[in-house]
Amino acid sequence: MSNVLTSVNITLNGQPMEVPSKGNLLDYLKWKGIQVPALCYHPDLGAIETCDACIVEVNGELVRSCSTTLKDGDVVKTGGSEVFESQMIAMDRVLANHELYCTVCDFNNGNCTIHNTVKELQIDHQATAQTSKGAPVNRGSFYRYDPDQCILCGRCVEACQNVQVNETLLIDWTLERPRVIWDGDGSTLIDESSCVNCGHCSTVCPCNAMMEVNMEGEAGFLTGMLRDAFRPAVEVTKSVETGYTPLMAISDVEAEMREDRIKKTKTVCTYCGVGCSFDVWTKGRDVLKVEPSSDAPANQISTCVKGKFGWDFVNSGERLTKPLIRDGNEFRESTWEEAYELIVRKFNETKEKRGADRLAFISSSKCTNEESFLMQKLARAVVGTNNVDNCSRYCQSPATMGLWRTVGYGGDSGSITDIANAELIIGIGTNTAEAHPVIATRVKSAQKLRGSKVIVSDLRKHELAERADLFIRPNPSSDLVWLNAVTKYIIDNDWHDKAFIEEHVNDFDALVKGLEKYTLEYAEKHTGLSKEEMINVATMINEAESTVIMWAMGITQQRGGSDSSTAISNLLLATGNYMKPNAGAYPLRGHNNVQGASDMGSMPDRFSGYQFVADDETRAKFEEYWGTKLNAKKGQNNHEMVDAMHAGELDVLYLKGEDMGVVDSNVNYVREGFEKLQFMVVQDIFFSKTCEYADVVLPAAPSFEKTGTFTNTERRIQRLYQVMDPLEGTKPDWVIIQEIANLMGANWNYTHPSEIMDEVADLTPLYAGVSYDRLEGYNSLQWPVERDGKDSPLLFTDGFPFDDKKARFYPVDWTEPTEYAEEYDIHVNNGRLLEHFHEGNMTYKSEGLTRETPEVFLEVSHELAEERKLRDGSLVRLQSPYGKVEVRTIVTDRVYGKEVYLPMNDSGDGAINLLSSSIADKDTSTPAYKETKAKMVVLERGGKSPLPAHNFRYGNRVPQNGVNVEAKWAREDYVFPGDVVRERRGDK
Amino acid sequence: MAKATTKIRRMEVDPEEVRRKELRELEDQLIAHKDTLNNLFRLLDQLEEHEVLNAANAGLAHSDQILTRVLKALGETETDKSIRNALLLVQGLAKFNFEDIEPIILKVNKGLLAKEERTGVAGLFKTLISPEFIEGMNYLLNFVKGFGTPVDQLKEEQGIKDAVHTDAGEIRKMQNYPTSPSSSSNGIKYLGLAGAAVITVGALFLRK
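Here the protein sequences come in this chain order: A and B.
So in UniProt numbering, the last one in the first sequence is 988, and the numbering has no gaps at all.
So in UniProt numbering, the last one in the second sequence is 208, and the numbering has no gaps at all.
As a list, the in silico BS3-like pairs of lysine-lysine whose alpha-carbon atoms are at most 27 Å apart: (1) LYS845(A) - LYS7(B); (2) LYS3(B) - LYS676(A); (3) LYS110(B) - LYS145(B); (4) LYS161(B) - LYS238(A); (5) LYS81(B) - LYS238(A); (6) LYS119(A) - LYS81(B); (7) LYS351(A) - LYS3(B); (8) LYS884(A) - LYS7(B); (9) LYS161(B) - LYS77(A); (10) LYS346(A) - LYS7(B); (11) LYS119(A) - LYS161(B); (12) LYS346(A) - LYS3(B); (13) LYS72(B) - LYS133(A); (14) LYS3(B) - LYS884(A).
With the C-beta cut set under 7 Å, the calculated list includes, among others, these residues of chain A facing chain B: (15) ILE123; (16) ARG227; (17) PRO232; (18) SER239; (19) VAL240; (20) GLU333; (21) GLU692; (22) TYR693.
Label pairs and their computed distance ranges (CB to CB): (23) LEU113(B) - GLU120(A): 47 to 55 Å; (24) GLU120(A) - ASP28(B): 49 to 57 Å; (25) GLU728(A) - LEU30(B): 18 to 26 Å.
To be clear, the hints were calculated from the coordinates, so they are not data collected in a lab.
Because the structure is a prediction, the values reported are computed rather than measured.
All C-beta atoms, glycine included, are put in the ideal place defined by N, C-alpha and C.
Chain B on its own, in the form it takes in the complex (with noise of 0.2 Å):
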């Protein structure tokens, strides 16, 4: 004759039962893990000795402000160009072949340490037809031949892929739009002629 209820006695805990089965668990946990912990505590005794803790636990404390503050100073402070610079910097080394560009190195310091000498006229004509002014003038006469090929033709010669980018189709710019690409990717395209200049320049230096 079981009436309806709703009252529950909760079990009784014994707190020191529970304190001692979780102290016997953490106790088998250190156990277990020894050496990991030895190197641990290691780490952690030159974390504090630095300082580190302390200020990595401040810094946590109040992570989302200083991450706010350190975000906006990077944006009001034009350093996310610099940044910006700096990547698409290491982007263009990546371009250079710096063993390729040794010999070219070596012919600038030569040019640097070459003694100055005074000479006439006809020192000047027996510099001008000496091979080396002539090998010299070729060279400068195909780096500039080579200012003047085709951007494209040069990319096609050296496998430059261009990087892809979308193109602006709205209709109210239908009226503007040129044959070519568009001009809204302008500062791309002008990125693109620097980087396939200073590529142009390197490969002239190629020739030995």
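Isolated chain A (complex conformation) (with noise of 0.2 Å):
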């Protein structure tokens, strides 16, 4: 905090002045109203100091402001001749290589820097005419580069090399025309790169050069009309212009009147737990492009493939449109009157005569805080029973119930920023770079620019792992024992936070004897480690100053999931690593609301905020604001309704937003289970494998067609805005429920989610002070929020969530994988892939992530090939226990041994959980999806590759620091403008 503070006293323009000695020169004459020009720049990127136009002087040196820190005594000019003669030579520089053609131009929008800068600066002629670079547009499925348009800023590559870090762009400096190529090993074209399509090159180009491909000639009034004769336009603008200030204005015109026609609305992604926000523009229906911006407080001007492109789904010609009733073996599309009377009668029909506890409710984490709170409510005030859950049941429970048992409260202890500020960042279980790329982003650009060292525990050798300074493989489901190992390691060695201990956690006599099995020795004999890799992640514990883990299904999928989250919390609490910022425990949430659907009650025993239903004072706080009697008694959850259909105990089943049938374990034996129910509800907003279980489906609206809140892992609660009205005939998830509990006799009114937001923040503590009027735009709330709207980004500061104020460590020991014959000899992992989401149902509509990977594969080790005689693209069966899948494989070292990767991305034959058991956490129920083994049968030994050779994980990456300007600075025809201007004049 000290350097926020420190300021130094200076003369600017004459005038002595005290100003902060910590930031740039550029970004404190901004904020003093002084227009400098600059291009390259961009708050979220830094000083990148190729394109020269932001000189200024300073101690009568001509210098580039954008990299220029103030010390005391300086003095500062930002006029006179000298310096804007510079400014006008890196003008030339830069319009030499951009032809102004604005009015036809699809960047032409308001926001074009290059525009924006020619026109304050009132250019009005350019003395170095532009030309061509000689290299075709390089166009990607998502994307395209026009390096005729390239003023070779960088910040593209920027923004590749030091914030994804994905180190795919590079400006090529030994080119007689320098351009931005791609892997730069040979073909150098988008579409054969290592390009994961993460769209931040398009985000931060200050102009058309690299532009989304769905603005193209749909942006701008005259951009969709001229094809062959958009070079003759631009030819004839050219000649006939008497300079830009013509130009300028009639661009700003049309520029002013695409805003009646696109539209731009602040939304939050809908895919993983990260919780992206951006604007969407559209004109009409059309999404032309996903703009994120520094005002976003998860992601700033970071998305991934899914988030910057993946929106097709939300126009597909099969979104369910109308509510379908099953007649016989058959649906048959129906009214919305029709499908609610059936419904309403069902419901109540199974209530009186069965009891409410023969009827479940499975809500969805792609839904809104709001339309889960509803489904629970509808579950609890209408119907009667507590039978209510959702899909955080598959994946983080564990984690939840690993922080409630030891910290108490199960969320993130702090933002994504503090996991990119940490001096060691260990990832266990946790395939970031493709679950989570935007939070991997942060990982990888600490380790790059700041120097924070990586731990990574896998199976698998993911992105994140190549990159890990130390990368541990221990065995499948082991990970409890290392973890404990290692705890007990640094406690022999004295370097547990004893102080931290003392004030702050109980029952460190009990974790001591609790840990005295976990030896070096034991450790390395059932995980597989040495003791040196145990002992290195120790070390690098110990000296590090701060610590965070993060973890995800590689920890919680597990029978003993609960207990390795709580190995990790240990782990955290021995050395300190909590209460303080960049440390503590990261439980990367896996669905955009998986979070935020628990948050709001949907589980079996805890209302809004995990208040205990069993309690007896929130229950009656509960029935006084419902005005009805609730039930006492614990539902049932995900897991326990599908043992309760098959054993007869369950009739009826309303689930919405959740692809159960293929998401869950077991699903053979979950489809049985659907098969057996007298009376299933499905909404949705496509026709999914589990639609075809249902008795009736409802036709539901997706985010952008809704409005609402998410809570994404770091606990941010944030706004949805309407992107656009729900499609013909589908309603919003909340107005459904609605109309369903009032014709069940519920008389809500609300007409806004804001008001169902009002209700949960009188219910629950821990959304006390969240309403929309403080969610307004890009603002966000990370919980709790007390009553005053003052929100935790660090979620301990005053102890921990107990009476005594103090974190309880909680010894686990290690319940050891489940055992299968011998036959069964492949151990199959399985997870996210980055272009997928989950079962495929939205991400599949997408042509272009189709066109990356059309379908799911199977990789298989080098070694396993060797053996059974695979290579890529050979089709083989895998037979479990429970089921069977064929798939094509893909020979790769990111997988060792007998230890085979199937995504999850299949709803089909290669379905993961048709192999999956029902074998689960616990503790928490949650399926044990990564215990699964199989024996293989190859069955084709030739075929075609399942995964397309222009897929970016056979490209080449190639690391460098940002652009790598100093090659420019090196090239024989660059001169520092202020050195052409000093020399005009004598000075050298």
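Each of the two chains sits in its own frame; use the hints to bring them together as a complex.
The following block contains the structure:
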């Protein structure tokens, strides 16, 4: 903090003043309202130093203000002929690379940095004419690069190299006419490179050089009209123009006109739990582009390919648009009235004749907080059962359990910025670069730019593992053992944080006793890790000022998932890595609103804010507010619901936004359960696999078509605004639930989701100060939120939420992984891919994503390939005791030995859950997806590779520090504009 | 005991019912915008009578090709240069103050209308010492002196600002850099000079 407050005394344009010493001069000048041209500078990228336009005079020297930090006594002049001449030289070089045809440019939307700079400087003519760089437009599925419009500012390269850290883009400064290239290993094409299409480059491009293809011919009034006439129109415009001023004026008018038809709406991404927010640009229902910005609290300028480009599903012709009612062995389309009448009749009949607990409700992490709140309110207050759950049961409940046991709150300890600023970042069982891509960017840049250390523990050598300073590969489901061993080693060496433990944690002795058997020798035997590897981990934690541990399904989806999560928290407590910035526990929530779905009480034993149903006082509060008596009996979770279907103890299931028949484990068992239900309602945007078993299917609306809030992995609550009206025939989930509730006599009167959130705030201490007003625009709140609106970016500041404010060590023991018969010799690891989301109901609707990765594939190791004579494209059958899949193979060094990797992105013959079992975490019933084994039968040795050659996994990254501006400066034809000016004036 | 099925029987739509509904919607729109539509129909009738609608239809149907031809023709026939010159002329004209130019025009008219008089040496001498001649000569001398005034001074006196233009700064040209602004902008400079000259002439004539 001291840096922020430090100031220096300078003279600025003759006036003495005190200015902050932190930050660069350009930012300060802009803050003071002094206009200095700057084209390459971007607040999220920092000084790139390529454009030279921001030259000012400091102590008599002409310098780039973007990279100048001030010191006491500096004399700064922002005007004068030398400064101006230097800036004009820089602008000339810029304009020699960019053709100004603003009126017929799709980027002419009021935010073009070049256009605005030329206008502000009142430049009317350029000395050096723009000329072609002699390379064609480079076109990918989602964006394209026009070298002749590129000013070589390097923002895109900086973003790719230092923010996203995919390290694909670079400027080839060795070319006579430099330009941006991809990978630089021969092809240089977007489509044949390691580009993951995250879109950072097109987001930060100051002009139309790097542009989303959906913008082409769509944004401008003239751009769609001009095809063959485009070039002649540009030539004639250039011939007749007498200067840029009229051109700017006309294009400004055209840009204003665009405001009438291009709508920009802030929303929150509907894919993973990072919670990226951005503006969506739409023309009618057409999505032109997604534009994240510095204002976005979780992601700033970052997105992944799905968030930036994966929205085709919204306008897919496969969307459900009419309710469906089962009629024998087929469905028939119906009216909403008829579907509602049937639902309400069946619900009421079952409730009256067989009791409320014969009905069950499953909410969705895809839906808003308000919708999850209403779903559990429908279950509890209208139907009278606590049989309500959500899909966090499949993934995150064990992490929450581990944190509840030890630190009291089941949420990330801090924000994504804390991960980015930690000295040591540990990732266990998380393929972060593919499952939470934007968080991975922060980890990678922390390592690359700030020297943070990264430890990865995983079965598979995924991208983050490849980059890690230390990559360890324990045996499957043995994480608890090495975690306990590392904790014990730290304590044995007296490296634990005794002061922190003394002041803030109970039960240290119990922990020490519980760790007794976890010696390095024991751990070595059961984890397959070497003692040195574990000592390395312990040493790195000990040496780091701050450590964060991120974990995901590799930990939670084990029989001992809750215990392993607990072991992580024990380790963090023992080393004092709670209650301070840049430290703590980060269970990475999988879906956009998996945190919120549980926060809102769609759980069998808790109301919103994790208030216990069994607690009389709590229940009385809800009863009074809702005006009805509530059921005190704990309900069934998802897993128990399926068992109850088989046992004939559950008659009715109402499920929304969840393809449970694909994503639950042991889906053959789940589907058989569906068949045994008396009545099943599924609410979705597509006719999913689960819909096939329904009696009524209701067409819902996706996130773009509704308002509400999502809560991300950082506990950050954010508003999403309605981008477009619900597709004709569909309704937002909250509207559907309310209509069903009211037909059952509930008499709810919500006219807007904000009223639902007001009710949540009234009933839920964790959300007490949350309101739509406080969440306006890009504002956000991280729970707990006090009534006055004070939120908690750092979760634990004043102790822990227990009576004595002290955390608790919770000793845990190892649950050995599921035993399989010897014939099941292949360990089937499973998880996400970057390009697709879960079963792929949304992402396979995108032509670009499907082109990148058209189908699921099985990663096999070189050893296994050699043993079974497999190659890319071989067709194999994996058979487990529970089912079989047929899938084509990819031979890769990402997996080892007899461990294979089957992504979860298939709802047909390759669906992973045809193999997985119903064995679950002993504490939360979360399926042990990661304890799946199978035997392999080779069906066809040849065959076409399931992964196209243009997939980014076959690219070759070219790491370098940013845009490598030094290479530009070293070119023979480059002289710093300030030096040109000084030479002209004979100063040198 | 619901078995999985993907078979969906679409709702039978009565085309007549749909038609009736759509017609009703259209009818509502027509009534709501009756006056506007009457005006629009009158306009359309007139456009039709003048073949405008047929021409517009044809033009729009082939707009890209037509536009390409027109734009290429503009370039090939140097029409684009004519347009540019016209625009420059318009910009130049903006610098005139026509109210102040009126006396100049009157004086030129007077000169043109003056009767041609033949005279001898004595007559010439008489003319030379006449107040009109002396005043006229002073006028013309000032005019000539005005031409001799540095352009920068004139711009400053008359508040004329140059258009901002960038400055070439490539290394390969560094050896040839003059200390004054780049030679590559000569065209623009000449243009500026021409404009300044026009203004100067105008200013001289402004003296009454």
